[in-house]
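K.L.:
Chains H and E are the protein sequences, given in the same order. Take the first sequence: its letter number 12 is residue 12 in this note's numbering, and every next letter is one higher. Heads up, this note's numbering is the position in the second sequence plus 120, with the first residue counted as 1.
Derived by calculation from the structure, the hints in this document are not laboratory data. Treat the hints loosely; a few may be bogus.
To be verified - Which bits of chain E does chain H cover? Going by a derived footprint, with three or more residues having C-beta under 8 Å, they are:
no. : stretch
1   : 195-207
2   : 215-228
3   : 236-246
4   : 252-265
These figures come from a predicted structure and were not determined experimentally. Where a beta carbon is used, it is the ideal one built from N, C-alpha and C, also for glycine.
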Amino acid sequence: MNKNALVVDDSGTMRKIIIRSLNAVGVSETVEAGDGDAGLDAFKQQSFAMVLTDWNMPNKSGIEMAREIRALNPSVPIFMITTEAERSRVLEAIQAGVSDYLVKPFTSEVLRAKLDKYFP
Amino acid sequence: MTPSHANEIEQIAQDAVAMTLNREVVPVIACRPQGDPRVISAIGIRGAWNGLVVVDISTALAHAGAVNMLRLAAEAITDRDLREVADETVNIVGGNLKGLLPRPSRLSLPTCLTEHEVVERTAGCDLLEDTAVGCDEGLVRVRLFARRTADVA
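So here's chain E without its partners, still in its complex pose (with noise of 0.2 Å):
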């Protein structure tokens, strides 16, 4: 991989926020860490690149999203809802950046995590990307680890 995706990242978690959301949202700097409550999700990438995309949503703006994509009123969307739209995006955007990456290599399945899980999960990883889109409701954050050897968990 090159040294920065940051700019082709931004690009792929707008498009898929605009899918699966129907929300426009834009790069947004200095946005780290999130306070605010958030859904989040995980996605592997095995094979000639090792490692693991992870995006969290504001749980704000994932519940308008899910509102808006599944047509429920507000008070219907449950957090299984918000957890397969976070699911959704990780998916479209871990599979976006696999493109980038070096070939072969296959995506896992996207899994919901904590953000303690993602800390036991990235453990012997580098950060190598870090950024996020927004918009008035909330943000959506994309990191992307590589692994340090061949194990993946």
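Extracted from the complex, chain H is given alone in its bound form (with noise of 0.2 Å):
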């Protein structure tokens, strides 16, 4: 299994948090991308192990990439980080092809525990 992430993320600041998890569970290859538009460019291009990625961004959102990266490859996880932690936005998300979840704010240790199951 290819050990590389894609990270999508309007924030630089949020992007830098969850590589660094990333490269703590050996996960040193990751590509970022700032919007759904960028993140679905990027997915293209190259295979990736998962993609990790924020709801709430300008162009693209995270669950419209989602939904249109379910549609191109079926069993690529898709990790959401968001701060959209109401029943109805997670049964969205889990719909649109979305993998796995995770609500902001979150400690390092949580979202390292939650990467491990994927690159154990």
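Join the two chains into one complex using the hints; note that each chain is given alone, in its own frame.
P.N.:
So this is what it looks like as structure tokens:
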């Protein structure tokens, strides 16, 4: 399994927080994108072991991107990291093909524990 | 919304600051008005409840947090880095606050503002909450404004 990941978030700070946790579980190859459009473009250009995405972003949102990635690839894990905590929103994400979900704020320990499942 | 969510807002702000600035902060009383330089970001909530969440962070605290989170030298931190820290903090605070408010509603994207712009944007709003958390390096103030009508800027 390739240990690489696509990290999509309009916040550079959040991307760094996420990438630090990815590095901690042995994922050293990461590609960053600042919105769903750029994320989808990056996904089409190479294969990834995982996609981690925010929901609320300019241009194309994370949920729109997730639907399009899922249509292209039914198996890649898509990990939504967002402030959207309401049950209806979580269900919407699952229906869009999101594999796992983490609500901000979170601790690095919680994120690493989640990532460990995908990068054992 | 129930009359006061000050305690919940303080907790949300503490958790958000721990994540975005890697700082432990505690509730602060009687902090207003703040005279120190600040970076301000706001996010709108629209839907069953309409209003605005405004977070302002002492520039010194935002700078220290950015150095820590971005692992850059202090002199390498830019204004854009400070705005990103403030935007992400208000995004987290607003997203979590939305869960306490009537549903369904949607978040806007965060936007950095001046205090003058905050005054303009919150014309026609009621200030529902005004709380702050802080540490030695500065304060994080959270204000929640409710629109009096369904028209949301």
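K.L.:
Next step is simple, just say for each hint if it's right about the structure.
P.N.:
Now the hints, each set against the structure:
1. Coverage of the stretch 195-207 of chain E by chain H holds in this model, with 4 residues showing a Cβ closer than 8 Å to a Cβ of that chain against a need of three.
2. Proximity of the stretch 215-228 of chain E to chain H, defined as three or more residues with a beta carbon under 8 Å from a beta carbon of that chain, is established by the 7 residues found.
3. For the stretch 236-246 of chain E, the assignment as covered by chain H is violated, since 0 residues bring a beta-carbon within under 8 Å of that chain's beta-carbons and 3 are needed.
4. Counting residues of the stretch 252-265 of chain E whose C-beta lies closer than 8 Å to any C-beta of chain H gives 0; at least three are required, and the coverage claim is violated.
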